[in-house]
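**Student:** In case you want the letters, here they are:
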Amino acid sequence: MTTRDIVHIALFAAIIAALGVFPPIVLPLVGVPITAQSLGVMLAGSVLGARRGGLAVLLLLALVAAGAPLLAGGRGGFGVFLGPSGGFLIGWPVAAFVIGWLVERTWQHLDLVRAFLANVLGGILVMYAFGVPWIAVAAEIPLATAFTGALGFVPGDLIKAGIAAVVAVTVKRAYPIIEAKTVA
Amino acid sequence: MIELCNVSHRFGERTVLDHLNLTLTEKRIAVVGGNGSGKSTFARLLNALVVPTEGQVLVDGLDTRREAKAVRRKVGFVFQDPDAQIVMPLVEEDIAFGLKNLKLPKDAIAAKVDAVLDRYRLAHLRHQHTHTLSGGEKQLLALSSVLVMAPDYIVLDEPTTLLDLRNKRMMLRVLAELDQCTVVISHDLDMLGGFDRVLVMHEGRIVADGPPAETISAYIRMMD
Amino acid sequence: MTLGLYIDRSSLLHRLAPAVKLATLLAAGIGVFLVRDPLWLLPVLGTVLMLYAVAKIPPGEVWRQLRPLAVLMVLFLLAHGWLTTWTLGFLVVLRFAILVLAAFLVTYTTKLSAMIETLERAIAPLAPLGVNPAKVSLALSLALRFIPLLYDRVREIREAQRARGLERSVVSIAVPLLVRTLRMADDLTQALEARGFDATEPAPRAGRAKTRR
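Protein chains in written order, with the numbering used here: chain A, 58 to 241; chain B, -10 to 213; chain C, 314 to 526.
To be clear, the hints were calculated from the coordinates, so they are not data collected in a lab. Any given hint could be a false lead.
Said to hold, decoys possible - Within a straight-line C-alpha distance of at most 30 Å, the following computed DSS-like cross-link-like pairs (lysine-lysine) qualify: (1) K95/B to K448/C; (2) K92/B to K424/C; (3) K424/C to K369/C.
Said to hold, decoys possible - Label-pair restraints from in silico Cβ distances: (4) R475/C to I216/A: 15 to 25 Å; (5) H166/A to V492/C: 19 to 29 Å; (6) L167/B to A186/A: 53 to 63 Å; (7) L391/C to I216/A: 23 to 33 Å; (8) A186/A to C(-6)/B: 51 to 61 Å.
Note that the structure is a prediction, hence the values are computed from the model and not measured. Note that beta-carbon positions come from the ideal geometry of N, C-alpha and C, so glycine has one too.
Same shape as in the complex, but just chain A (with noise of 0.2 Å):
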């Protein structure tokens, strides 16, 4: 790990906390709310690549943890890992390693379709993986009803992943930080 890409994690973990800043918007009924932090998180994987953007993100929760109240709305502490979208939060850096995993495959032909399916993939089908069965284990509802529940997030998040697709291909254009993996 260079002192670089120590520099690009933890700016970008502060990135991610300033995107915070954007007020939520929590969708009726299930109340977890939908923000620009998200959004964040598909970057750091889009912009940073596996490793670093899974960092990143590891380091914001970690500042979060800490007391820190980083995430929208000022939110912060060890409560919001217990709460019911804490599931959600632990999958962020799993999903910004795997976006970051996708797109570097894919660099050197990164272009809308294929950055909107790598967040499609990590962005959308990772973070649920870890946020609704916690949800269900913690509410204690059938894990199929706990994903009927969250189907109502999925457009949101479909234009969240179109989102950071056109930023990751316009900042690949101006600023390209990820080297080009060989395809073996």
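Once you've looked at the hints, dock chains B and C against the given chain A.
**Tutor:** Chains B and C only, in chain A's frame:
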């Protein structure tokens, strides 16, 4: 003494520095030049942040290519934007950062930090968040946290560009009092009066070299 | 640190070592999942609330943490009351309340800096796995240093884009934010190296870890 022997630097196709041969011995040296003249890259050569693609840079005989770490201990570097070089949340932590990298014992670090805070009148700010400082205070902190390492040389990349007039004067006063050999990169002609030697750069070459009086007029002619 | 949810009071809980509080929280967290009868959770909730009093945390804070959950909790309760049993509904609601309140109690009574120190100490034994504590510690400090700066950047960029009628477009804010920040990353990297930070240095071996104060 800093020597540049046949130094060239390229970024891809573009030649940024073109066969420079220089020996820097004066106490106060200024480097002026327009945008893209290569002066910023030149500054970064002096403490091994940039290694030339051709030729060699010697600081007191140490080759920047092979002995970057030792060179950086000799040559302190102050960047144009203090926000990009203040690295710690608190003022005193930022001043201590370089000393910690040298693995000095705790009490030695504390003593040095205290001395610098006093000398540059920052003591009342020591527990402040670096983010809350004014522009002038930030630049002073950036300089202090380099000076605390007691380098033999100090390179400043446009230290006054982002400052207002009052802070610029404060900065110039502090610079005038430095004990170190100073190399200042600037395009601010007002500050060059007291320098021993001024280098004028243009398109990667030194086009004028000498005391301020003659070189500055050459620079102004060139800019017209 | 101004950046933190810590509430400065003098109490037994404030003086307790962070590691002890975290271990207790972990145990309590597992504990509430083993209990299947909400009646048993009531005294636990009572204890947590009593500890808030011991720690002199204003009751308003309790509500501030529970409020965002309130809608969801009512929903869970009604759904269970309707589809399964009310008992299960109360169990779920009480469990969340206890978990969240207990976790926030730890946060309110522990300074951010103390928590970060504990975190740094906790990862020190991971050095053989390639985790370099010096680098983790630098990353934490850098993030804390740059978060307020980036808040300002977002504000500046939003204002600039508002002038062009783009303040609601996330793309038109995220792109300049990212490009400017990544550019600054290069200067910052040089600044760290100019001041003698050396990323190639191996992590100190465990056992020779830093002395405690």
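**Student:** All hints are to be evaluated individually against the structure, with a verdict given for each.
**Tutor:** Here is how each hint holds up against the structure:
1. K95/B to K448/C: holds, 19 Å
2. K92/B to K424/C: Holds. K92/B to K424/C sits at ~27 Å (cutoff 30 Å).
3. K424/C to K369/C: holds, 15 Å
4. R475/C to I216/A: 15 to 25 Å: Holds, at about 22 Å.
5. H166/A to V492/C: 19 to 29 Å: About 22 Å separates the Cβ atoms of H166/A and V492/C, which means 19 to 29 Å holds.
6. L167/B to A186/A: 53 to 63 Å: holds, 59 Å
7. L391/C to I216/A: 23 to 33 Å: Because 30 Å falls inside the window, the suggested range holds.
8. A186/A to C(-6)/B: 51 to 61 Å: For A186/A and C(-6)/B the Cβ distance comes to about 60 Å; the hint holds.
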